[in-house]
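Residue strings, one per chain:
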Amino acid sequence: MNRVARVFEELRGRRPALIGFLTAGFPDGPTSLLLARVLLSHCDILEVGIPFSDPVMDGPVLQETARMALESGFRLEDSLLLIKNLRNEDIEKPLLFMTYYNPVLRRGPALFAREAAAAGADGVIIADLPREEGGAWLKEARECGLERILFVSPTTSKERIASAAAEASGFLYCISALGTTGARDRLAEGLRDYLCRIREFTDLPLALGIGITTPEQCREAGVLAEGVIVGSAFMRACLEAMRTGEDPAAALDAAAAHMRLSLEGRARP
Amino acid sequence: MKTDALPDDAGRYGRFGGRFVPETLMQPLLELEKDYKRLSQDPGFLSELGSLLRDFAGRPTPLYEAKRLSSHVGGARIFLKREDLCHTGSHKINNTLGQGLLAVHTGKRRLIAETGAGQHGVATATAAALLGLRCTVFMGEEDAVRQAPNLRRMRLLGAEVEVVGSGSRTLKDAVNAALREWVACVEDTHYCMGSVVGPHPFPLMVRDFQSVIGQEARKQFLERVGSLPDHLVACVGGGSNSLGLFRPFLQDRLRTGVPRMVGVEAGGRGPGPCEHAASLCRGTPGTLHGSFSFLLQDEEGQILPTHSVSAGLDYPGVGPEHSWLKETGTAEYVTVNDEEALEAARQLTLLEGIIPALESAHAVAYAVRLAREAGRESTVLVCLSGRGDKDMGSLAEAWGGGAEA
Numbered sequence: 001m002n003r004v005a006r007v008f009e010e011l012r013g014r015r016p017a018l019i020g021f022l023t024a025g026f027p028d029g030p031t032s033l034l035l036a037r038v039l040l041s042h043c044d045i046l047e048v049g050i051p052f053s054d055p056v057m058d059g060p061v062l063q064e065t066a067r068m069a070l071e072s073g074f075r076l077e078d079s080l081l082l083i084k085n086l087r088n089e090d091i092e093k094p095l096l097f098m099t100y101y102n103p104v105l106r107r108g109p110a111l112f113a114r115e116a117a118a119a120g121a122d123g124v125i126i127a128d129l130p131r132e133e134g135g136a137w138l139k140e141a142r143e144c145g146l147e148r149i150l151f152v153s154p155t156t157s158k159e160r161i162a163s164a165a166a167e168a169s170g171f172l173y174c175i176s177a178l179g180t181t182g183a184r185d186r187l188a189e190g191l192r193d194y195l196c197r198i199r200e201f202t203d204l205p206l207a208l209g210i211g212i213t214t215p216e217q218c219r220e221a222g223v224l225a226e227g228v229i230v231g232s233a234f235m236r237a238c239l240e241a242m243r244t245g246e247d248p249a250a251a252l253d254a255a256a257a258h259m260r261l262s263l264e265g266r267a268r269p
Numbered sequence: 001m002k003t004d005a006l007p008d009d010a011g012r013y014g015r016f017g018g019r020f021v022p023e024t025l026m027q028p029l030l031e032l033e034k035d036y037k038r039l040s041q042d043p044g045f046l047s048e049l050g051s052l053l054r055d056f057a058g059r060p061t062p063l064y065e066a067k068r069l070s071s072h073v074g075g076a077r078i079f080l081k082r083e084d085l086c087h088t089g090s091h092k093i094n095n096t097l098g099q100g101l102l103a104v105h106t107g108k109r110r111l112i113a114e115t116g117a118g119q120h121g122v123a124t125a126t127a128a129a130l131l132g133l134r135c136t137v138f139m140g141e142e143d144a145v146r147q148a149p150n151l152r153r154m155r156l157l158g159a160e161v162e163v164v165g166s167g168s169r170t171l172k173d174a175v176n177a178a179l180r181e182w183v184a185c186v187e188d189t190h191y192c193m194g195s196v197v198g199p200h201p202f203p204l205m206v207r208d209f210q211s212v213i214g215q216e217a218r219k220q221f222l223e224r225v226g227s228l229p230d231h232l233v234a235c236v237g238g239g240s241n242s243l244g245l246f247r248p249f250l251q252d253r254l255r256t257g258v259p260r261m262v263g264v265e266a267g268g269r270g271p272g273p274c275e276h277a278a279s280l281c282r283g284t285p286g287t288l289h290g291s292f293s294f295l296l297q298d299e300e301g302q303i304l305p306t307h308s309v310s311a312g313l314d315y316p317g318v319g320p321e322h323s324w325l326k327e328t329g330t331a332e333y334v335t336v337n338d339e340e341a342l343e344a345a346r347q348l349t350l351l352e353g354i355i356p357a358l359e360s361a362h363a364v365a366y367a368v369r370l371a372r373e374a375g376r377e378s379t380v381l382v383c384l385s386g387r388g389d390k391d392m393g394s395l396a397e398a399w400g401g402g403a404e405a
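Protein chains in written order, with my numbering: chain A, 1 to 269; chain B, 1 to 405.
Honestly, the hints are just simulated from the structure, not real lab data. From the three backbone atoms N, C-alpha and C, an ideal C-beta is built for every residue, glycine too. Among the hints, a few may not be true.
Unchecked claim - In silico SDA-like pairs for lysine to any residue, Cα to Cα no more than 25 Å straight-line:
(1) A:K84 to A:R114
(2) A:K158 to B:K37
(3) A:K139 to B:Q27
(4) B:K37 to A:E159
(5) A:K158 to B:P28
(6) A:K84 to A:G73
(7) A:K158 to A:E189
Claimed, not checked - According to the in silico footprint, chain A covers these stretches of chain B (three or more CB under 8 Å from chain A):
(8) 177–190
(9) 275–289
(10) 296–305
Kindly produce the complete structure, drawing on both the sequences and the hints.
In structure tokens form, the structure reads like this:
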């Protein structure tokens, strides 16, 4: 059994998986490796975000972290190296790349798929590559044994949910709120019905993400889905710590511990 | 070649175009495509749009022979399609009336738009006022300064203007901000895309709404001169005025080789990286803002900063149909730098009494170059896409304060 499936299998009936995101290279290469280790000590799955100059899916926090990463001179090869380093430390948790399509396209989908797999990544999530445009990439990913994690949104029709479910592997990334990544006051309404609609088409684990900001929201989402994805809230904790001259790793450690705690003993009935 | 069949069902022009967007936008784009297909064949919608273009926007715009400029240059006859005489001062109103009506017919209550020079922003704010829609326009901080008159016009028209301070603080980041807003409010908001860029069906829709430029110009030119023009010249930022001019001549071009089509990109300060905005002349294919097209990027696929004296051309991408026209050799693309554009604006102003927008001045500059090389019997049709009121600051600065007097 592959790593992603194993995580959901092991957690089934106990608690939802916590999927943490960090921007690779933020605020610089070495610190980013440190932050990844911190997140991995609390999260079940790690998403490593490849910084991109024009992140249209991202709110102010992840725009800022990507900008800082790129300004520090962080390159695609460094993102690959980050995952390779984590694997060399005998980390057995699933590691996923999260990226926009243009850096993949520029590298060449076939080459990037091979490099990502060789570095030790378990899968790749591409924020702006819908199923209709993804044929070439999905084929390469499949051949390299990478999980093909696809999105479903509250706006997605039944036909397209079915098509995503048929192609995806690992889990389905269920967008929990319209809009970009970043803080929300509360979870959107109707999430339960939304996830029920998706479950008609798939047995894959469902992970809710986008806008899950507080441990309370994380707990709420965790009752509905097999996984909860948190990104901006973690990166914001780092940014705020840095602004006041504090240690971003310590701030991230506390934030991730709280999120993780909120999921304890919570499992979808 | 059945070019009228382009784009195909996937929104592709050859290998260019498509829909590279976050999942949340896919369903709305599919619905928009369906709505547009229906309305573009609905006689009621078309006649409503036709009336607005005539009675509100002031169409048809004149075809004007620039005789003093032509004789000064001493070569081909130069004709101007006077889009600068449209209501709001540029061709942008052709598109915003179309998309604004579409928004009304599909039950949307609000328009959002990006703007560079502010011409599209003003045209969107105008359409919104006319049609009773709310309106938010995103404008880069740098552009808000250099095109300040348009910022004020938008606010006077009742639009909310969000000044974008992220990234390059120009058109590219205004598009990013508008896309982010659209992902959040897609249910009641129509994104009134300002050029032939973005995910399908925007490049198709905007091209169709702007094709009125070429349809009128072709008819007017045949009536006036008795033949087709030898050359079409228009500036290319995203590429809406140029495609609007070129498209109705496409069958002529493919059948007979005439007219030659030339798109003029912003050469900025020179050919070095980040010094220009010449996506077609100096870029490579990639995905930005929802479509696959030529763009200015580094070897890692990060989008590069651009420069042009003209805010409307200061954009690292270009419409996918232009990429197809370039790759198939149907149209050619050239650059004109800042200095040449400013000089052409001055020439047109002093010789013809027409102050062009800096965007359009790029087309005029190339037309002058072309006319000089071509014979007296040859003809050049230029799309004068906008007027220069918004550029008084830049022009006065470049002309040494002449406009202050």
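Consistency of the hints with the structure:
1. A:K84 to A:R114: holds, 13 Å
2. A:K158 to B:K37: holds, 22 Å
3. A:K139 to B:Q27: holds, 24 Å
4. B:K37 to A:E159: holds, 21 Å
5. A:K158 to B:P28: Holds, because 14 Å separates the two Cα atoms, which is no more than 25 Å.
6. A:K84 to A:G73: At roughly 19 Å apart (the allowed maximum being 25 Å), G73 (chain A) and K84 (chain A) satisfy the hint.
7. A:K158 to A:E189: Roughly 19 Å between the alpha carbons, so the hint for K158 (chain A) and E189 (chain A) holds.
8. 177–190: holds (count 7)
9. 275–289: holds (count 4)
10. 296–305: holds (count 6)
In summary, the structure agrees with every hint in the numbered list given earlier.
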